[in-house]
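Asks: These are the residues of each chain, in order.
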Amino acid sequence: MFLLTLTLNSAHATLKIEVTHGIKGAMPIAIIPFDIQVNSFDENFAKLISNDLYKSGFFEVMQSYNYPQKVHYSHNLKYKVWRDLGIEQVVVGRVLPSIRSDYAVEFELVDTVRGKRITGYKIPVRKESFRKIAHKISDIIYENLTGIPGIFGTRIAYISSIKEKHRKKFTLNVADMDGYNAVPVYISKRELMSPAWSPDGKYLAYVSFEKKHPQVYIQNLAKGTRVRAPDIDNSTSAPAWSPDGNMLAVTISVGNNLEIFTYEIQTRTTKRFTQSLGIDTEAIWSPDGKSIIFTSNRSGKPHLYRKFLNTGKTARLTFKGVYNADADISPDGRYVVMTHNAGQGFKIGLLDTKTGYFRVLTNGMLDEAPSFAPNGRMILYATEQKQGYGILVAVSEDGRIKQKLSLSDGNVREPVWAPYKK
Amino acid sequence: MVSHTISWQTFNQAIGLHLLVAIILMLSIGEKQAPKIGKILESIEADLIDISTLTTQRQAFLEKKIEAENKLLEQVRISKEKRLVELKDQEAVISDAEKKQNEAINKASKDKVVREQKLSEEKAKEDYEKQLLLKEEEQLSKLQQQEHSKKLSRLKVEYKSAIKRHIETNWVIPQSSRWEGSCTAFVRQNPAGDVTSVNIESCDSDFAYKKSLENAIWKSSPFPLAPNKELFEREVKISFNPEGN
Numbered sequence: 001m002f003l004l005t006l007t008l009n010s011a012h013a014t015l016k017i018e019v020t021h022g023i024k025g026a027m028p029i030a031i032i033p034f035d036i037q038v039n040s041f042d043e044n045f046a047k048l049i050s051n052d053l054y055k056s057g058f059f060e061v062m063q064s065y066n067y068p069q070k071v072h073y074s075h076n077l078k079y080k081v082w083r084d085l086g087i088e089q090v091v092v093g094r095v096l097p098s099i100r101s102d103y104a105v106e107f108e109l110v111d112t113v114r115g116k117r118i119t120g121y122k123i124p125v126r127k128e129s130f131r132k133i134a135h136k137i138s139d140i141i142y143e144n145l146t147g148i149p150g151i152f153g154t155r156i157a158y159i160s161s162i163k164e165k166h167r168k169k170f171t172l173n174v175a176d177m178d179g180y181n182a183v184p185v186y187i188s189k190r191e192l193m194s195p196a197w198s199p200d201g202k203y204l205a206y207v208s209f210e211k212k213h214p215q216v217y218i219q220n221l222a223k224g225t226r227v228r229a230p231d232i233d234n235s236t237s238a239p240a241w242s243p244d245g246n247m248l249a250v251t252i253s254v255g256n257n258l259e260i261f262t263y264e265i266q267t268r269t270t271k272r273f274t275q276s277l278g279i280d281t282e283a284i285w286s287p288d289g290k291s292i293i294f295t296s297n298r299s300g301k302p303h304l305y306r307k308f309l310n311t312g313k314t315a316r317l318t319f320k321g322v323y324n325a326d327a328d329i330s331p332d333g334r335y336v337v338m339t340h341n342a343g344q345g346f347k348i349g350l351l352d353t354k355t356g357y358f359r360v361l362t363n364g365m366l367d368e369a370p371s372f373a374p375n376g377r378m379i380l381y382a383t384e385q386k387q388g389y390g391i392l393v394a395v396s397e398d399g400r401i402k403q404k405l406s407l408s409d410g411n412v413r414e415p416v417w418a419p420y421k422k
Numbered sequence: 001m002v003s004h005t006i007s008w009q010t011f012n013q014a015i016g017l018h019l020l021v022a023i024i025l026m027l028s029i030g031e032k033q034a035p036k037i038g039k040i041l042e043s044i045e046a047d048l049i050d051i052s053t054l055t056t057q058r059q060a061f062l063e064k065k066i067e068a069e070n071k072l073l074e075q076v077r078i079s080k081e082k083r084l085v086e087l088k089d090q091e092a093v094i095s096d097a098e099k100k101q102n103e104a105i106n107k108a109s110k111d112k113v114v115r116e117q118k119l120s121e122e123k124a125k126e127d128y129e130k131q132l133l134l135k136e137e138e139q140l141s142k143l144q145q146q147e148h149s150k151k152l153s154r155l156k157v158e159y160k161s162a163i164k165r166h167i168e169t170n171w172v173i174p175q176s177s178r179w180e181g182s183c184t185a186f187v188r189q190n191p192a193g194d195v196t197s198v199n200i201e202s203c204d205s206d207f208a209y210k211k212s213l214e215n216a217i218w219k220s221s222p223f224p225l226a227p228n229k230e231l232f233e234r235e236v237k238i239s240f241n242p243e244g245n
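Which chain is which? The protein sequence lines are A and B, in order.
Here the first sequence stands for residues 1 to 422, where the numbers follow the numbering used here.
Here the second sequence stands for residues 1 to 245, where the numbers follow the numbering used here.
What the hints contain is simulated information worked out from the structure, not anything from laboratory work.
Some hints here could point you the wrong way.
[Unchecked claim] Listed below are the simulated BS3-like cross-link pairs for lysine-lysine, each with C-alpha atoms no more than 27 Å apart in a straight line:
no.: 1; chain 1: B; residue 1: 237; chain 2: A; residue 2: 80
no.: 2; chain 1: B; residue 1: 210; chain 2: A; residue 2: 80
no.: 3; chain 1: B; residue 1: 210; chain 2: A; residue 2: 136
no.: 4; chain 1: A; residue 1: 80; chain 2: B; residue 2: 160
no.: 5; chain 1: A; residue 1: 70; chain 2: B; residue 2: 160
no.: 6; chain 1: A; residue 1: 16; chain 2: B; residue 2: 151
Please model the entire structure based on the sequences and the hints provided.
Replies: In structure tokens:
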């Protein structure tokens, strides 16, 4: 009987509260400058990690002059002090001498709310791989706090062009996602366009004007070998890889019109995919491989359409503005990002295909060529800073944080984010 | 003959008178007068025995004697009456006193009764008042209880909204989260408001969102204190229902 009463009481004695409002915001974090225990070390891990986390848009990184304490080991942290400042997580670290490498970096990610260490690593570092290791640490922190794989260790490809002695030089580059460590993949006197990563990240398909008209090539990045695909003399452009990497969708000129074809790489066979009186181009494969999204002016103005491979059914995706083109689709297949114009310049638009909700992420005049990060949570795009001088910008998915990429060579455009390495 | 007849009549009369006196005396005189009356009767008896030989003169004498005796009797009677009156007066005096005494006694008892009555009345009144008071107190306590429970429920609303506001200021919905549904957290607190455990249940959300709920609760520890001990509950069920979703 006593037990029953107790049970009844405990079942009854619950305070019920409904919380309806939160503050949509970035996670507050502090990266305390690492303790340097080696000679002649002038890199700054904390700064690089802070920068990475900040540009994701998911973190609010506390300015270092506000730090209540500058410690380098988690056991020296006064959790409550940080917690009271609203800093829910703190990173501490130190650079230590290493026998098997140039030095080692040790860091700890601490949860000040629960008063415990979330994770910690010791990583040997070569001098030249400092940035890579710092991005790696950013990825570890990012993934531990958001549950989403990080993208700071990923790469991008883009086209750059400079004028040399009245002649243009076009370069297809691969660089780290922050624009550092750029490596030329292909250099041409003639125009290069539309780079596209193979799903395994080992190939790049792109358009080269080396034969005076646009043609698609596939290049093996490790070996540098390249093939024309499809191997035809027609103008081909705007390559897109199928999710399994076995096919390309390409735009082929048919008469005076442009239509989309699928091209099977192994068998070198092409198959027409679209048939309309208008231009159909800029294909992008959905992650499930079942449909292709493309740009078409069949209704007069360029808009995005989706066509299913098995049924052949086509549906228009965009209705806002006068120009929606050059789409990319998020890895989860839900969001479609595009170059959008509603009469006030070219901007980056984001469509949620699940809800139909559309919003404009940027406010430039010549923003274009958006590309999703492999985790779908950042977007890279090109914009024109001044006449004929393009730059690349990484924007957080909510459009709040935009960061220019530091690139050395002149005019850059057509960035495309690489998939995770497999 | 005639005289004879008269004397018989006189005799008869004499006997009647004597008898009457005797009866009166016997009736009205107490034991104290008894010997006197006895003497008189003896002398009358002796006279009677002598009657046969009496002459007319003797008769007159006898008549005179009777008269005297009658007078005496009358005197006795009067004195007796007087005495009776006296006695009566005495009696009256006595009864007066008695009456007075009785009256006094009566009065006393009456007073006692009155007092008792008064007392019992007072007691009844007191009892009644007591009952009234009790009733009033009961009503008052009932009112107070009602007031108290009213106050409690008001305080409970305030208490709950204090916790709600406290958590809301601490809830940072992560920018990285695309989750838009609701989740429930079961929280245990101690009387100081310190959160001792957090369990997120029925929450099909993404990692960061779930973590933000936990963070919001841990950061809100200690919870606002219960304004009344009766309102404190160890178990708090918090449902997170972001508005507009």
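Asks: Now tell me, hint by hint, if it's right for this structure.
Replies: Verification of the supplied hints:
A threshold of 27 Å between alpha carbons decides the hint, and for residue 237 (chain B) with residue 80 (chain A) the separation of about 25 Å falls inside it, so the pair holds. Restraint check: the Cα-Cα separation between residue 210 (chain B) and residue 80 (chain A) comes to about 22 Å, which is no more than 27 Å; the hinted pair holds. Of the supplied pair hints, the one linking residue 210 (chain B) and residue 136 (chain A) holds, its CA atoms being roughly 25 Å apart against a limit of 27 Å. For the given pair, residue 80 (chain A) sits about 25 Å from residue 160 (chain B) by alpha-carbon distance, which is consistent with the 27 Å threshold.
Among the hinted pairs, residue 70 (chain A) with residue 160 (chain B) is inconsistent with the structure: their alpha-carbon atoms are about 39 Å apart, more than 27 Å. Pair hint residue 16 (chain A) plus residue 151 (chain B) holds up; C-alpha atoms about 19 Å apart against a cutoff of 27 Å.
In this structure, the one hint that does not hold is number 5.
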